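The listed protein sequences derive, respectively, from chains A and B. Counting from 1, one number per residue, gives the positions in the first sequence under our numbering. Counting from 186, one number per residue, gives the positions in the second sequence under our numbering.
Since the hints were made in silico from the structure, they are not lab data.
Here are the simulated SDA-like pairs of lysine to any residue, each with C-alpha atoms no more than 20 angstroms apart in a straight line: (1) B:283 / B:301; (2) B:283 / A:107; (3) A:182 / B:368; (4) A:182 / B:369; (5) A:182 / B:367; (6) A:182 / B:322; (7) A:98 / B:291; (8) B:367 / B:327; (9) A:98 / B:292; (10) A:98 / B:290; (11) A:182 / B:324; (12) B:367 / A:184; (13) B:283 / B:206; (14) B:367 / B:264; (15) B:367 / A:181; (16) B:367 / A:179; (17) B:367 / A:137; (18) B:283 / A:110; (19) B:235 / B:193; (20) B:367 / A:175; (21) B:367 / B:329; (22) A:182 / B:364; (23) B:283 / A:105; (24) B:283 / A:106; (25) A:98 / B:294; (26) B:367 / A:178.
Label pairs and their calculated CB-CB ranges: (27) B:291 / A:48: 22 to 32 angstroms; (28) B:350 / A:79: 25 to 35 angstroms; (29) A:64 / B:198: 41 to 51 angstroms; (30) A:76 / B:350: 33 to 43 angstroms; (31) B:322 / A:106: 36 to 46 angstroms; (32) B:322 / A:71: 37 to 47 angstroms; (33) B:233 / A:63: 40 to 50 angstroms; (34) A:76 / B:198: 50 to 60 angstroms.
Just so it is clear, the structure is predicted and the values come from calculations on it, not from any experiment. By construction, the Cβ of each residue, glycine as well, lies at the ideal position given by its N, Cα and C atoms.
There are 2 protein chains.
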Amino acid sequence: MTTTTDARERLVATAQELFAAQGVGPTSPRQVLAASGVGQGSLYHHFPTKHDLAVAAVGATVDEALTAARRDLEAGGPALERVIGYVRRPREALAGCKVGRLTSDQAVMDDDGLRDVVTAYFVRLLDAVTATLRDAGLPEAEARDRAHTAVAVVQGGYVLARATGDPEAMRAAVRGFVAMLKETP
Amino acid sequence: MTTTTDARERLVATAQELFAAQGVGPTSPRQVLAASGVGQGSLYHHFPTKHDLAVAAVGATVDEALTAARRDLEAGGPALERVIGYVRRPREALAGCKVGRLTSDQAVMDDDGLRDVVTAYFVRLLDAVTATLRDAGLPEAEARDRAHTAVAVVQGGYVLARATGDPEAMRAAVRGFVAMLKETP
Chain A
1 MTTTTDARER
11 LVATAQELFA
21 AQGVGPTSPR
31 QVLAASGVGQ
41 GSLYHHFPTK
51 HDLAVAAVGA
61 TVDEALTAAR
71 RDLEAGGPAL
81 ERVIGYVRRP
91 REALAGCKVG
101 RLTSDQAVMD
111 DDGLRDVVTA
121 YFVRLLDAVT
131 ATLRDAGLPE
141 AEARDRAHTA
151 VAVVQGGYVL
161 ARATGDPEAM
171 RAAVRGFVAM
181 LKETP
Chain B
186 MTTTTDARER
196 LVATAQELFA
206 AQGVGPTSPR
216 QVLAASGVGQ
226 GSLYHHFPTK
236 HDLAVAAVGA
246 TVDEALTAAR
256 RDLEAGGPAL
266 ERVIGYVRRP
276 REALAGCKVG
286 RLTSDQAVMD
296 DDGLRDVVTA
306 YFVRLLDAVT
316 ATLRDAGLPE
326 AEARDRAHTA
336 VAVVQGGYVL
346 ARATGDPEAM
356 RAAVRGFVAM
366 LKETP
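Input sequences plus hints: build the corresponding full structure.
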């Protein structure tokens, strides 16, 4: 017998997978229920509405992505190397960014609560990269601009990889950025 | 009375608008027909299937985007300034890239014919930016990597602007890239 915590976690994890595979709009709570294997009562107990389930699942995806970024950015070593570690981390380029893709999901962008979760992710990520570039010696304004460039290279790298069907397109974008980053004071 | 060329153009232009606003998947030929104001016979005469209409409309969007990029990249002036002109061109950041957004449209990516049109756009765009960076004096491999970075910054800039609801996020990404580009040989 599954505990109520297990059931909640399985519902959230299943929703995360289905959202990543097919988008938030087309995913019904009924589908999540069927794929999770938990009882129907659990779904409605934990998540009375699709909105509640979506906020929990999108929130979990965002937390995981932010934790991974902070692991790179707050690791040991020189600050510039940490930024390079963040942009170079191996990514499933053809799958797309689990958070970035939400910005093209109309069901997310039309829902204030969900959109706010996505916005908060990018604001925090940009703050963390900016702070690391300040640690590397850049003045605030340059650090902030360059942090936007770094995050844009990763997000745009996903777009290029998906568009060309070639993960190498993302690696090339990152390589070009890292080469410039190393050459600029 | 509209000529047959007028009707075809209006159908394509209307499909482009609806695709940009709501995606290819949810747009029906019937909607395009209604919004275009042309006769039903014209639609089936020019575009027997939705696929035919989508290939024409996505093809037109790609042609327009490539023409705009080439205008910047093949303008007069030093090669590096032309690349800067391309990344700096004012864009409707919150609307998203009309071509880039297609990579998140499952109806496009699941259709070989449509996906090929999107792929060809990015391959040609990357070739054009690479050629301009070669003109600026970069060796082939560096020119190609940096061209990927430039296009990724634009595509990622759209993602950041949409995610944060702030067009300034795209401008910051471009500013950071241009500053680095000017400082690197």
